[in-house]
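4 protein chains.
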Amino acid sequence: MLFKNKNLVVLKPPMGWNSWDCFAANVTEVELLENAKVMEEKLKKFGWEYVVCDIQWSEPLAGTENVTYRDFADLTIDEYGRQMPAVNRFPSAADGKGFKDIADKIHAMGLKFGIHIMRGIPRKAVELNCPVIGTDVRARDVADPFSICQWNGDMYGVKDTPEGQKYYDSIFALYASWGVDFVKVDDIAHEHLYPDHPYGEAEVHMIRKAIDNSGRDMVLSLSPGPAVIEKAWQMERDANMWRITDDFWDDWKLLKAMFERCEVWQKHVSPGCFPDCDMLPLGRIGTGFRAGRDTNFTRDEQKTLMTLWCIFKSPLMMGGDLRELDEFTLGLLTNENLIRANQEGAHPTELARDDDHAVWTSEIDGGRYLALFNLSDSEKEITFDTSELDMQVNKITDAWTNKEINQANINNGVIKIEIPAHGAEMIVLQ
Amino acid sequence: MLFKNKNLVVLKPPMGWNSWDCFAANVTEVELLENAKVMEEKLKKFGWEYVVCDIQWSEPLAGTENVTYRDFADLTIDEYGRQMPAVNRFPSAADGKGFKDIADKIHAMGLKFGIHIMRGIPRKAVELNCPVIGTDVRARDVADPFSICQWNGDMYGVKDTPEGQKYYDSIFALYASWGVDFVKVDDIAHEHLYPDHPYGEAEVHMIRKAIDNSGRDMVLSLSPGPAVIEKAWQMERDANMWRITDDFWDDWKLLKAMFERCEVWQKHVSPGCFPDCDMLPLGRIGTGFRAGRDTNFTRDEQKTLMTLWCIFKSPLMMGGDLRELDEFTLGLLTNENLIRANQEGAHPTELARDDDHAVWTSEIDGGRYLALFNLSDSEKEITFDTSELDMQVNKITDAWTNKEINQANINNGVIKIEIPAHGAEMIVLQ
Amino acid sequence: MLFKNKNLVVLKPPMGWNSWDCFAANVTEVELLENAKVMEEKLKKFGWEYVVCDIQWSEPLAGTENVTYRDFADLTIDEYGRQMPAVNRFPSAADGKGFKDIADKIHAMGLKFGIHIMRGIPRKAVELNCPVIGTDVRARDVADPFSICQWNGDMYGVKDTPEGQKYYDSIFALYASWGVDFVKVDDIAHEHLYPDHPYGEAEVHMIRKAIDNSGRDMVLSLSPGPAVIEKAWQMERDANMWRITDDFWDDWKLLKAMFERCEVWQKHVSPGCFPDCDMLPLGRIGTGFRAGRDTNFTRDEQKTLMTLWCIFKSPLMMGGDLRELDEFTLGLLTNENLIRANQEGAHPTELARDDDHAVWTSEIDGGRYLALFNLSDSEKEITFDTSELDMQVNKITDAWTNKEINQANINNGVIKIEIPAHGAEMIVLQ
Amino acid sequence: MLFKNKNLVVLKPPMGWNSWDCFAANVTEVELLENAKVMEEKLKKFGWEYVVCDIQWSEPLAGTENVTYRDFADLTIDEYGRQMPAVNRFPSAADGKGFKDIADKIHAMGLKFGIHIMRGIPRKAVELNCPVIGTDVRARDVADPFSICQWNGDMYGVKDTPEGQKYYDSIFALYASWGVDFVKVDDIAHEHLYPDHPYGEAEVHMIRKAIDNSGRDMVLSLSPGPAVIEKAWQMERDANMWRITDDFWDDWKLLKAMFERCEVWQKHVSPGCFPDCDMLPLGRIGTGFRAGRDTNFTRDEQKTLMTLWCIFKSPLMMGGDLRELDEFTLGLLTNENLIRANQEGAHPTELARDDDHAVWTSEIDGGRYLALFNLSDSEKEITFDTSELDMQVNKITDAWTNKEINQANINNGVIKIEIPAHGAEMIVLQ
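Protein chains in written order, with our numbering: chain A, 249 to 678; chain B, 249 to 678; chain C, 249 to 678; chain D, 249 to 678.
Just so you know, the hints here were simulated from the structure itself, not pulled from any lab data.
The reader is advised that the hints may include incorrect statements.
For chains that are exact copies, the list does not tell them apart, and a pair is met inside one copy or across any two.
As the list claims (entries may be wrong) - Capping the alpha-carbon separation at 30 Å, the derived lysine-lysine pairs in BS3-like fashion look like this:
id	residue 1	residue 2
1	651	345
2	457	664
3	628	479
4	628	290
5	501	479
6	628	457
7	479	664
8	504	515
9	457	504
10	664	515
11	414	501
Here chain A stands alone, though its shape is the one from the complex:
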């Protein structure tokens, strides 16, 4: 470390669960807490800890009318224009308690609690022209009428002024009072936020300061991507994780495209700073989108996904309903070698990539992880000459099975492994 990064609230990639992939905009208190309970019982010991309530928690009618977002939704806000959980969906939020009760329960399980917000101030706060705490101005003075999200009409952007900062301070003070540990800020990290802005740098920076001003450690996660690599320095200055693609779903094309994005961002993985490959659409997903299904990924694709996310040190945020975890999916989330690579690996580095295959490595206690990917549509032998590595290889273990690799696959230091279409192998070299 050359300097004291203020963001070092997380030295390792955050691991947790997020409500979006399964529950869309409609998750409820019961669903949050039941998923937290499964995490406590089955996943916590492997390092999983964040329980994140995604978008629209202040919208009482979220998910009605067969749309994800209703135009001009009547959000629940307090007298200062700050969003509050919709009480019909989160009963413990009654009487202005917000997410305090849920956060307390999740903390009692030994877990951490996160929430999603859209950048900005609610249109409803602007209609009502609510006062901004700590200032003598009102919502209309801090809202930017020309800065609107293109896909959700709830908010106006906040102007980069001292009063705008105060508005952000006011909401993060509220989140701190609830005990929030993680905030995913949406509509802020993509490459075309406005026609002439690569991303919402000014609002991200205000949010960074608002977290610092709150006095509580909170992980700052930016969404959606693709983030602009030219702005990596700004991302690292202000945030802990930022999406490197648009929304990721259970579609091979999107998974294959992630390899190019990881290649681009590999030098930007460091303690406190994690380029984010997005949630894991595994197990039972899509329910809240009226498209409930088991993930469309094949088992080989699921291994590929976990192998890439782990060696690249992406945050790991499970998207499927934990209450319906099957054995295979549970195995994906609890493989100790993979999770160790994700949490303890260092310097993820792409060694090779073309249209048919990719090879990655990272360091671990003097040893190495080596991930071999078959990106083609048919079974394929992937070879790698370990003499290219700057190490002496004594032992080779299959990370997924934790068994030593058959010597027949190694010849003079050259590893050759048959990998199924869209599949991956993860190896520990010692």
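Take the given structure of chain A and dock chains B, C and D to it, following the hints.
Chains B, C and D alone, transformed into the frame defined by chain A:
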């Protein structure tokens, strides 16, 4: 005419006065009527007839706070969300009378009355969720929360639905009841209305139908430009005039650039359809922008401007304060040859153009207009060989002075005229 | 006509045959003359007259090596760097006679002869540094080493200098001496000729002057498209026809897309100036591309194609091998009503267009043509209210069958016709 | 190092002299050797070692006709189409000896020798269709006729085929035989090599392999920029240095813009891999461009330039004529603290940047370099709080003067220094 164009309310380019160039967003009833009075007395007999009240007439505080548009302005609207004139600025609008009184007075002068509107429905109407006349829906059902103007925050776009049409019908019925003859619709004709729309075609078409449904003839003017030439057919189907550039001001670079735009649009001038070079920033302008001045154009540039607008058959909308008309400017507006070219000329055609000069012609009763422009920065002899024209030339008259051209300037049918820098000559060939 | 267009060598859309669609880069003297013979016998009386030899006639090995264009092909050129027909393919060109013999034979049939050229000067002429006729410079002095075609490596662009003009003069003098009546110039009219040029304006203008300087009337045809509508004025100044799309083939998507292009260009059809929808890929095509086939268009699509090309007044250049003309295709090419619309119609005008249908009209001797198109994928009733037209309708004839339309299809002036998917109806209104 | 980088021929940023900034395309053997002599005598002991002959050394008439590059220049090539030094400019190259003699002399001075090449194969080799060594094909088989440089017409790109590789092998074998230590490849690293290519990846990779195949260590330098950050991984795989901007000259706007580029590329500085800020246009430059001058940079700007290049670890390639080195410029090139930062510093990191200032740091033996830049147009106090650094600061030295910083400038660990407009301060923290 191959077909009955429904827009044939104006067979000749509209001529009139518009409040913008001088009064910006702040014009008042007194200023409107005083300008109308001057038009009646000095200009009407030359064909000038429209008096147009430009932007922000429903905003009581327009022009305060040293900005042109105030964020979240509190517009005057009726119970159906329709903008009404701000009574502090337009006293005759009291008691819901709208612009009826002003229109009546202007009609009584033998003139016509026009207004400006932004496309869409006021944000305030959406906040109040006003009912939409003739439907059982309300403002939030017809407003598109993602369709906002990038420079004025007053409105939301209207959705292209039967109920959206009813909203537009309701406002044009109101304008018809006032006696409006001309409507300039803003934020609708430029090439990048939305990231992926070349212009607001759907809303233009709804407005066309709303005018037809109103039962009153109204000229439809679209703003701002540049309009997209690929959409010329749609413009001609729906509108009477549409801007071919962004806002035009008293700047030689903008005037010179207009030549390229006229070249592009020349085939699209026809009865009822007039590509629009924008208002004439002549005489006293800029007052409402806190930048009052006499036009920055030199006299030669002013002649060039009028010559181009007239031979191209652009609408002629004077922008300067008519109460302060000096003799030179009055002369520009009342030259009978120029106005006849504008109103009666046919088939405006560019004969030549390069960086230094341009030549245009148009037909008039078997004769021709010929306009020679010196676009260079120094005096220059412009030559033109009349044998290129498909006519026998017997007599050559200077349109500006109405005198026959000195034969020394003509040799074997080749006209040679010294023209000052940025200047123009207009000739009648018979 | 406001001015004497120097290009008025063709007042009506050229009709003819071009070797490309069938013979690709490989046509021979025998094939040219045999096709001309069929034209003389079967088509001439309907107005077909041009026989055009398309690309690569100076390349002896054209079509070998299974590619359309060979890199660094060894073109046949004369001592002045001018392309000459490859004698192995065009035996009559021996002894430097060029295309004279073929032109004479075609003229003797009462037909006209056309050739294709790439813009520029052969790379081989530059390698040999041939002298430029009428100058004391050589090929390297007039060639622009940075101006190359992106898909055919035979040529360098010619610099816009007096010597460059002389080179173009030298080749058009040669063509005039052969008796060429029509020149299709390639790699010159598309929208991205160079990164920063919308099209090759300077070279087009040199070619225009070279034709004028040659003293022989030649039709100038520019290829490929899409031409840029902003440059329509330049096209009309210099050329007789110019492509409004990229290469057109027997694919419904391309045919459907042509409607949008005709909409854009409709105001630019005038005597001597014909926006060009490209050749007719009808009958037997593709042989020279190693993909011989009968056209993939259905019969309804073929009617649609001919109806659009005819009412729009596109040049008509048959692409199929005339020696293999079947009765249906012959009928398409010899329908007198359609050809009259193409040759004699005036003011082609689109009346309506959406994703499912289009309606066009044009004038003929006080009457009208009306073309109704079903652009959807299923049979559909197309309706049109003739009261929209500015005429009194007394008689309605089906142009394809030349029979009066059943009155059951007309009600109060509203025409309703069932048209098959992708089909068209052409009507004469009198 | 996670893997054995094959490019580790240079672990530190190359330091040397390049003929371009002063001699343009026209440098001669005498000028090369005289500059080498000055380097040996005055600069070698500070680490300067490469003497690089830039573009057009095979062109006998380079620099004549008042242009930098002559069209269709008659390059000197050998029978295999490989460029050879023009003997009139490099007499020692007579009898096919190439650069061997010059390289020997430079090696004898204890220095290293570098050359510039354009990617590709000479057009002249293609005209003559020279054989390709080690194959049975010829130049026309490996040249890509569509791949040409946009500003120099000497070459065609080489196809990515086994025979294309052999051509590159043949030229690098020749360079190895001459004793070349450094190759700057031009027209290969900018972001728009072709319309749809971000850069010439395939040819860079062939060149990488050709160097490996040559058996001689050569530094590979890619030009011009801006290189595309998305392709950083490919750059690092294949090259040692690559330009991160277009050509850099003595213009403050270009120098200021370099800060943004260094910000973007900072994570990509590592042993063997150096993002390249381009040559140092200091001292006497421009002679060969018919614009001889002393650098236009002020002395403060020159310090800023050296400070940024040194802390960022850019390669240092002096561009001015070493024979005319004045004391000030010599001082810039021989400051031991600055050169040590460039050669031995680690992890260059931007700490702050806005329109007015920038702060950078890097590591050195547990200590730190700290560079403070005033990017504004007036004198300005730049402050930096050393508590932001992850170190204990005991001693603060001005790197340029090598004196301890006056304690008046430090208060509680906060450094405040007045820096002139466009100036810089470089500090050593221990």
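Checked hints:
When the C-alpha separation of residue 651 and residue 345 is checked against a cutoff of 30 Å, the pair qualifies neither within a copy, at 51 Å, nor between copies, at 61 Å. Taking the closest pair of Cα atoms, residue 457 and residue 664 come within 30 Å of each other only across two copies (24 Å); inside a single copy the shortest separation is 51 Å, beyond that limit. In this assembly of identical chains, residue 628 and residue 479 lie within 30 Å of each other by CA distance solely across copies; the values are 27 Å between and 37 Å within a copy. Proximity of residue 628 and residue 290 under a CA criterion of 30 Å is satisfied in neither setting, with 35 Å inside one chain copy and 59 Å between copies.
Taking the closest pair of Cα atoms, residue 501 and residue 479 come within 30 Å of each other both inside a single copy (26 Å) and across two copies (21 Å). In this assembly of identical chains, residue 628 and residue 457 lie within 30 Å of each other by CA distance solely across copies; the values are 26 Å between and 50 Å within a copy. Only between protomers do residue 479 and residue 664 lie at most 30 Å apart by alpha-carbon distance; the minimum there is 28 Å, versus 39 Å within a single protomer. Proximity of residue 504 and residue 515 under a CA criterion of 30 Å is satisfied in both settings, with 20 Å inside one chain copy and 25 Å between copies.
Taking identical chains as interchangeable, the C-alpha atoms of residue 457 and residue 504 lie at most 30 Å apart only when they sit on different chains, with a minimum of 28 Å there against 36 Å within one chain. In this homomeric assembly, residue 664 and residue 515 come within 30 Å of each other (Cα to Cα) only inside a single copy, at 28 Å, whereas the closest approach across copies is 33 Å. For a Cα distance limit of 30 Å, the shortest separation of residue 414 from residue 501 qualifies neither inside one copy, at 43 Å, nor across copies, at 36 Å.
Violated hints for the displayed structure, listed by number in ascending order: 1, 4 and 11.
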